[in-house]
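Q: What follows is each chain in one-letter form.
There are 2 protein chains.
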Amino acid sequence: MSKRILVVIGGDAAGMSAASQVRRNDPQREIIAYERGEHTSYAACGMPYLAAGLVARPEDLVARRPEVFRERQNIQVHTRHEVIAIEPQSQRVRVRRLGDGLEFWQAYDDLLIATGALPIVPDLAEARAEGIHALKDLASGIALARDLEEAQPRRAVIIGGGYIGLEMAEALRLRGIETALVHRGPQVMSTLDVEMGALASHALVELGVQLYLNEKLAGFETQAGRVRAVVTDQRTLPADLVILGMGIRPNSDLAAAAGIPLGVRRAIRVNPRMQTETPQVWAAGDCIESLHRVSGQPTYAALGTVANKTGRIAGLNLTGVATAFPGVLGTAITKVGETEIARSGLQSRECEGLGLDYTAAQIASRTRAGYYPGTREIAVRLLADRGTGRLLGGQIVGGPGSGKRIDTIAAALTAGLTAQDLVDMDLSYAPPFSPVWDPVQTAARVLLRES
Amino acid sequence: MSKRILVVIGGDAAGMSAASQVRRNDPQREIIAYERGEHTSYAACGMPYLAAGLVARPEDLVARRPEVFRERQNIQVHTRHEVIAIEPQSQRVRVRRLGDGLEFWQAYDDLLIATGALPIVPDLAEARAEGIHALKDLASGIALARDLEEAQPRRAVIIGGGYIGLEMAEALRLRGIETALVHRGPQVMSTLDVEMGALASHALVELGVQLYLNEKLAGFETQAGRVRAVVTDQRTLPADLVILGMGIRPNSDLAAAAGIPLGVRRAIRVNPRMQTETPQVWAAGDCIESLHRVSGQPTYAALGTVANKTGRIAGLNLTGVATAFPGVLGTAITKVGETEIARSGLQSRECEGLGLDYTAAQIASRTRAGYYPGTREIAVRLLADRGTGRLLGGQIVGGPGSGKRIDTIAAALTAGLTAQDLVDMDLSYAPPFSPVWDPVQTAARVLLRES
Numbered sequence: 001m002s003k004r005i006l007v008v009i010g011g012d013a014a015g016m017s018a019a020s021q022v023r024r025n026d027p028q029r030e031i032i033a034y035e036r037g038e039h040t041s042y043a044a045c046g047m048p049y050l051a052a053g054l055v056a057r058p059e060d061l062v063a064r065r066p067e068v069f070r071e072r073q074n075i076q077v078h079t080r081h082e083v084i085a086i087e088p089q090s091q092r093v094r095v096r097r098l099g100d101g102l103e104f105w106q107a108y109d110d111l112l113i114a115t116g117a118l119p120i121v122p123d124l125a126e127a128r129a130e131g132i133h134a135l136k137d138l139a140s141g142i143a144l145a146r147d148l149e150e151a152q153p154r155r156a157v158i159i160g161g162g163y164i165g166l167e168m169a170e171a172l173r174l175r176g177i178e179t180a181l182v183h184r185g186p187q188v189m190s191t192l193d194v195e196m197g198a199l200a201s202h203a204l205v206e207l208g209v210q211l212y213l214n215e216k217l218a219g220f221e222t223q224a225g226r227v228r229a230v231v232t233d234q235r236t237l238p239a240d241l242v243i244l245g246m247g248i249r250p251n252s253d254l255a256a257a258a259g260i261p262l263g264v265r266r267a268i269r270v271n272p273r274m275q276t277e278t279p280q281v282w283a284a285g286d287c288i289e290s291l292h293r294v295s296g297q298p299t300y301a302a303l304g305t306v307a308n309k310t311g312r313i314a315g316l317n318l319t320g321v322a323t324a325f326p327g328v329l330g331t332a333i334t335k336v337g338e339t340e341i342a343r344s345g346l347q348s349r350e351c352e353g354l355g356l357d358y359t360a361a362q363i364a365s366r367t368r369a370g371y372y373p374g375t376r377e378i379a380v381r382l383l384a385d386r387g388t389g390r391l392l393g394g395q396i397v398g399g400p401g402s403g404k405r406i407d408t409i410a411a412a413l414t415a416g417l418t419a420q421d422l423v424d425m426d427l428s429y430a431p432p433f434s435p436v437w438d439p440v441q442t443a444a445r446v447l448l449r450e451s
Numbered sequence: 001m002s003k004r005i006l007v008v009i010g011g012d013a014a015g016m017s018a019a020s021q022v023r024r025n026d027p028q029r030e031i032i033a034y035e036r037g038e039h040t041s042y043a044a045c046g047m048p049y050l051a052a053g054l055v056a057r058p059e060d061l062v063a064r065r066p067e068v069f070r071e072r073q074n075i076q077v078h079t080r081h082e083v084i085a086i087e088p089q090s091q092r093v094r095v096r097r098l099g100d101g102l103e104f105w106q107a108y109d110d111l112l113i114a115t116g117a118l119p120i121v122p123d124l125a126e127a128r129a130e131g132i133h134a135l136k137d138l139a140s141g142i143a144l145a146r147d148l149e150e151a152q153p154r155r156a157v158i159i160g161g162g163y164i165g166l167e168m169a170e171a172l173r174l175r176g177i178e179t180a181l182v183h184r185g186p187q188v189m190s191t192l193d194v195e196m197g198a199l200a201s202h203a204l205v206e207l208g209v210q211l212y213l214n215e216k217l218a219g220f221e222t223q224a225g226r227v228r229a230v231v232t233d234q235r236t237l238p239a240d241l242v243i244l245g246m247g248i249r250p251n252s253d254l255a256a257a258a259g260i261p262l263g264v265r266r267a268i269r270v271n272p273r274m275q276t277e278t279p280q281v282w283a284a285g286d287c288i289e290s291l292h293r294v295s296g297q298p299t300y301a302a303l304g305t306v307a308n309k310t311g312r313i314a315g316l317n318l319t320g321v322a323t324a325f326p327g328v329l330g331t332a333i334t335k336v337g338e339t340e341i342a343r344s345g346l347q348s349r350e351c352e353g354l355g356l357d358y359t360a361a362q363i364a365s366r367t368r369a370g371y372y373p374g375t376r377e378i379a380v381r382l383l384a385d386r387g388t389g390r391l392l393g394g395q396i397v398g399g400p401g402s403g404k405r406i407d408t409i410a411a412a413l414t415a416g417l418t419a420q421d422l423v424d425m426d427l428s429y430a431p432p433f434s435p436v437w438d439p440v441q442t443a444a445r446v447l448l449r450e451s
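In the order they appear, the protein sequences are chains A and B. If you're matching positions, the first sequence starts at 1 in this note's numbering and goes up one per residue. If you're matching positions, the second sequence starts at 1 in this note's numbering and goes up one per residue.
Only chain A is shown next, with the shape it has when bound in the complex (with noise of 0.2 Å):
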């Protein structure tokens, strides 16, 4: 009998994790992946820092180079190929060399679909215009952080205030860039209340961002091939630089075509295992959809964790060990300036969709001792079903110290914790960390009292 043959369409977190994991557990597996791209295993999250110039180099975003996963992995990572079809049937890809344009047909036995996730771009064909970018892969990054240095732009136009939006703004700001954000609704980060959107949208103002909320982008005006302005629905706003960060869908458009299930925005449809509905097809990383561990509900989450966590779990089934993903709670952080800004679980208008009877509480607190040297104020925002007080999700905005705290709130979601068991909680206290009270404690005590 000839060696099993794992294909891994996509070079980045959960397709070398996957390959990793199964080499790992099974040194005799024939592991193939193909990347589209130059690049294997690289940070998609640092790429605002190379665009700020706080990381001096692409090549120290690459966790593991292709030409180490084949020396010390025995992994043959194929860069530059292109899966362009599955045929589940008869267990084969066709793939296409893009030094060449040479195609051909590579059979398996276990195939792992993980190609990631795409920006959303306007339809609009002055969206391909020179210094118009979005983040998409790490090559799209080195792009951005070239154009940087060589069109030395002065004015910049962020669209969309989500986490690349409120990054790339921190990072342009930090290159004495003139920066505009133009975000469609009432505040920016959407997957806060917008109380605490507000906070967000502050820490924006405060770092001289300008910022057009409730506007929409309506077109772009060139100029020799370049960008000169951005048109939104109420002004003509100029612009040297545009970054794009409207969001991001799973790219999921070869799974489709080979008829494997997709479910929420398009992502593609996996069991706690990582398996699709088609058979031998597996699926991880940011093109599929996980279930959130609060509502029940599906969910797409594309972050660089769920991608690490479902490309290892989709190596151990692979390789026999039988492990179960048991969902995401939608926790994420970034930082504006010293702002961190941190959310986890449901929001109120995920609660408000689920039909959810919920109560929330806004406390303002310290990040450490009132009298400590340092201490900077801190917003949290705890959620919690009114008739059980069993937390729903929390969200938090403060200075630096602040961001982490999230994950106190994920261990309770994790567990069903309740507002009450939060306030009981014996979490560390000393003058440089904290109140006595943790404000994550303040805002559990606020909500037993309104609940």
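Some hints here could point you the wrong way.
Beyond 12 Å from chain A on every Cβ pair, some chain B residues (computed) [said to hold, decoys possible]: (1) Arg4; (2) Asp26; (3) Arg80; (4) Val121; (5) Arg155; (6) Pro186; (7) Arg235; (8) Ala256; (9) Gln280; (10) Thr367; (11) Glu377; (12) Pro431.
Covered, in the sense of this in silico footprint (three residues per stretch, anywhere, with C-beta under 8 Å from a C-beta of chain A), are these stretches of chain B [to be verified]: (13) 40-54; (14) 326-338; (15) 401-411.
Partial list, computed: chain A residues near chain B (C-beta under 10 Å) [to be verified]: (16) Glu167; (17) Lys404; (18) Pro431.
Hint data in this document are derived by calculation from the structure and do not stem from the laboratory. Owing to the predicted nature of the structure, the values given are computational and were not obtained by experimental measurement. By construction, the Cβ of each residue, glycine as well, lies at the ideal position given by its N, Cα and C atoms.
Add chain B to chain A, keeping to what the hints say.
A: Just chain B, lined up with the frame of chain A:
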């Protein structure tokens, strides 16, 4: 019927939290609090930072002054009044007014003992010499700060490498004082496993502290009433300032004399509602025994967080709001220079004492993404039950951003989660905050592999 009288012994965190909670729920209750010292509701944990000069004035450490309790909350606080006897049969206490020595009886319907803790001092006549300080109450903190200003000591010796010892070492080094620390154990921080304690020892050395481990205090040399050297079982260390950080003990002599039952380490035994075994007598704060939530055994946990929590719980139950205190995890945090140190749950020695079959894993990771500026080393150690994988305890030593991660572990311990649960947990990630796998999860992954 006359108003019900609550008498509180002790005007700091536990006593005044209880008094405030009672007042909130019962506007009619007569509340009388006796405090031996001059201050109420002060942050005892802030005293090292007062000594360091990081907190400018002692008043900054006072959360609420006696007159505020009197005027805004109608709580009759009497400072410089010492309760010298309790008569549970006749429900009265004997009070001595320290100003003029006047003594009187005060009747109570309910009595709350919140007498706190006392520093352990060596049984040596020379320990009372000038220049030898133990941090007992705010007055002792003020006396130390004054001595530092007036005597301008050049060489200090700290006895004991626990929290106070480490925080005072940092404080004295900040003042540029040549500092030695003498500790009887093989590493400082005996609440950490020795491998982690070694990292704490290293942090002290990095700060320029001369560290003498496995060495015991033998005595002091004095001159004209002031200390001039510390004598250990191995050497004589010149010192014009000495800090005693030899631990604390519950201040329970008054309760013991009244026949109120004591428990572990002579701490007052209470039920989860903070009732002692003597009718109408309650206790809270640093003088009580607590339940350890992981071991299920009684323990002594003298911390500001526990004092605030148990004071509040006593106040709720005193006003008919039945609330149980579920106990402690022994969570604690501190810092030495830039090194943060935290722990929660059981350490190896405790697991062994309980006869638990446990497994431990210790990892070295980074506080931020490896490529992000300011990333620093972090060590995480986790302990879990070998059979079930249930987490038993955690310890962290690392750079800025490390310590508060202990709260994630504390939440997991609270909920009885396993190492697998921690690996699966949706914790927050962005390059300025964490590697993709939070170091806490990396430790859990290694623990899984080794169990």
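Q: Now look at each hint and say whether the structure bears it out.
A: Status of each hint after checking the structure:
The claim that B:Arg4 is not at the interface with chain A holds, since no C-beta of that chain comes within 12 Å of its own (minimum 24 Å). With a minimum CB-CB distance of about 16 Å to chain A, B:Asp26 clears the 12 Å threshold, and the non-interface call stands. With 12 Å as the threshold on Cβ separation, the claim that B:Arg80 sits away from chain A holds: the shortest Cβ distance comes to roughly 24 Å. Every beta carbon of chain A lies more than 12 Å from that of B:Val121, the smallest distance being close to 23 Å; the non-interface claim holds.
At roughly 26 Å from the closest C-beta of chain A, the C-beta of B:Arg155 stays outside 12 Å, upholding its exclusion from the interface. No Cβ of chain A approaches the Cβ of B:Pro186 within 12 Å, the least distance being about 24 Å, so the stated non-interface status holds. No Cβ of chain A comes within 12 Å of the Cβ of B:Arg235; the nearest lies about 32 Å off, and the non-interface call holds. Every CB of chain A is more than 12 Å from the CB of B:Ala256 (nearest about 27 Å), matching its label as outside the interface.
Annotated as non-interface, B:Gln280 keeps its C-beta farther than 12 Å from every C-beta of chain A; the closest such distance is 25 Å. With a minimum CB-CB distance of about 10 Å to chain A, B:Thr367 fails to clear the 12 Å threshold, and the non-interface call is violated. No Cβ of chain A comes within 12 Å of the Cβ of B:Glu377; the nearest lies about 17 Å off, and the non-interface call holds. Chain A draws B:Pro431 into its interface by the beta-carbon criterion, the shortest separation being 5 Å against a cut-off of 12 Å.
Look at the segment 40-54 of chain B against chain A: 5 of its residues bring a Cβ nearer than 8 Å to a Cβ of that chain, three or more, so the hint holds. Counting residues of the segment 326-338 of chain B whose beta carbon lies closer than 8 Å to any beta carbon of chain A gives 10, which meets the minimum of three for the stated coverage. Taking a C-beta to C-beta cut-off of 8 Å, the segment 401-411 of chain B contributes 9 residues in contact with chain A, enough for the three needed, and the coverage statement holds. A least Cβ separation of about 8 Å between A:Glu167 and chain B falls short of the 10 Å threshold, and the interface hint therefore holds.
Annotation: A:Lys404 was flagged as interfacial toward chain B, and the flag holds, the nearest CB pair being 6 Å apart, inside 10 Å. Given the 10 Å rule on beta carbons, the hint for A:Pro431 holds: about 5 Å separates it from the nearest Cβ of chain B.
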